[in-house]
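Enquirer: Count the sequence shown with UniProt numbering and you get residues 1 to 322, in order.
Treat the hints with care, as some may be off.
Taking CB as the label site, the calculated pair distances span [what the hints assert, rightly or not]: (1) G90 - V41: 45 to 55 Å; (2) Q121 - A81: 51 to 61 Å; (3) V238 - T134: 10 to 20 Å.
Read the hints as simulated data drawn from the structure, not as lab findings. Since we're looking at a predicted model, the values are computed, not measured. A virtual CB, placed ideally from N, CA and C, is assigned to each residue, including glycine.
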Amino acid sequence: MATTTVSPPAPGAAVPGRRRRTPLARREARWAWLFLAPWIVGFLAFQAGPMIASAWLSLTEYDVINPPEYTGLDNYRELMADPQVARSLGNTVYYTALHVPLVMLISLGLALLLKRVGRLQGFFRTVFYLPVMTPAVAVGILFLLLLNTQDGLINRGLALVGIDGPSWTTDPDWVMPGIVLMSLWSLGSTVIIYLAALQNVPRDLYEAASIDGAGAWARFRHVTLPMISGALFFTLVVNTIASLQMFTEVYTMYFGNRQTQTSFNSDAATFYVIHLFQEAFQFLHMGYASAMAWLLFLIIMGITLVQVKLSKRFVYYEGEDQ
């Protein structure tokens with residue numbers, strides 16, 4: 001039986017079944033890489049590089065002054081036994097559990113109201129978003145004054161209706177509610193996201209539901225919520241990540257003012273990132289702080305993966321088979 005010998009293609013010859021890139025495509029690819037280069041350099045220099053360095057430092061004892069000394073997993077073992085880490089992480093999770101649902105519920109309610117405003121929608125949209133532009137340090141100082149026990153505006157308002165306002169900044173039982181109240185100041189971005197999602201819900205669906213006899217609550221439950229579930233999921237993930245990294249406003253209120261520090265001797269406001277900051281820049285335990293940072297990274301990644309996994313059951317995307 002005769003055999004056929006297939007010789008390899010000559011150098012530079014076109015390979016059957018493989019499309020050769022045209023000169024225009026190669027030129028466009030070069031320009032694409034050129035425009036991507038600043039981002040790639042920035043990512044390597046300011047994100048990937050520091051993350052690799054932090055991973056190495058988490059395995060060392062480093063105080064900035066002396067060279068790092070390799071200690072293996074000692075920092076991580078110390079993390080597991082440090083009561084301050086557990087306390088600060090508990091405060092952070094508690095704040096997140098209060099903050100995220102409140103922001104989502106209030107923002108959705110405001111977005112539903114904005115949808116009905118009509119011509120003034122643009123004005124109120126701007127009003128709700130302006131607080132997001134306020135610097136975090138300014139927000140901390142502002143709410144330190146608003147929540148003041150003696151002459152704070154919030155307690156004065158409560159006094160007008162006969163309510164004796166709590167000690168928002170000194171009573172450990174009221175510190176966290178005060179911080180959550182402060183955090184609602186910057187919910188404008190979530191409101192805008194929900195408003196955009198609500199405006200994209202087809203009116204035909206509401207009309208069809210009304211013809212079928214659905215009331216306002218049924219239309220909201222069976223039409224509005226499924227159609228904006230993508231936006232709800234996005235804000236859930238983003239607000240959870242932001243809450244677990246809460247730092248600037250709380251540090252400004254409770255740890256950046258000497259007068260506040262002298263009157264506040266509780267750990268109720270010590271968030272995880274604040275404790276990390278203190279270990280790194282106050283006590284110069286850079287290796288230990290790096291291990292804390294990686295623990296927080298793993299916690300955030302784990303929570304996000306769980307949210308993504310659960311989203312497949314609750315999030316509806318148009319064009320997908322349900």
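Enquirer: Run every hint past the structure and note whether it holds.
Expert: Going down the list of hints, with the structure as the test:
1. For the pair G90 and V41, the supplied restraint of 45 to 55 Å is violated, since their beta-carbon distance comes to about 40 Å.
2. The given range of 51 to 61 Å is respected by Q121 and A81, whose C-beta atoms sit roughly 54 Å from each other.
3. Our hint of 10 to 20 Å for V238 and T134 holds, since their Cβ atoms are close to 19 Å apart.
In terms of the numbered hints stated before, the structure departs from hint 1 and from no other.
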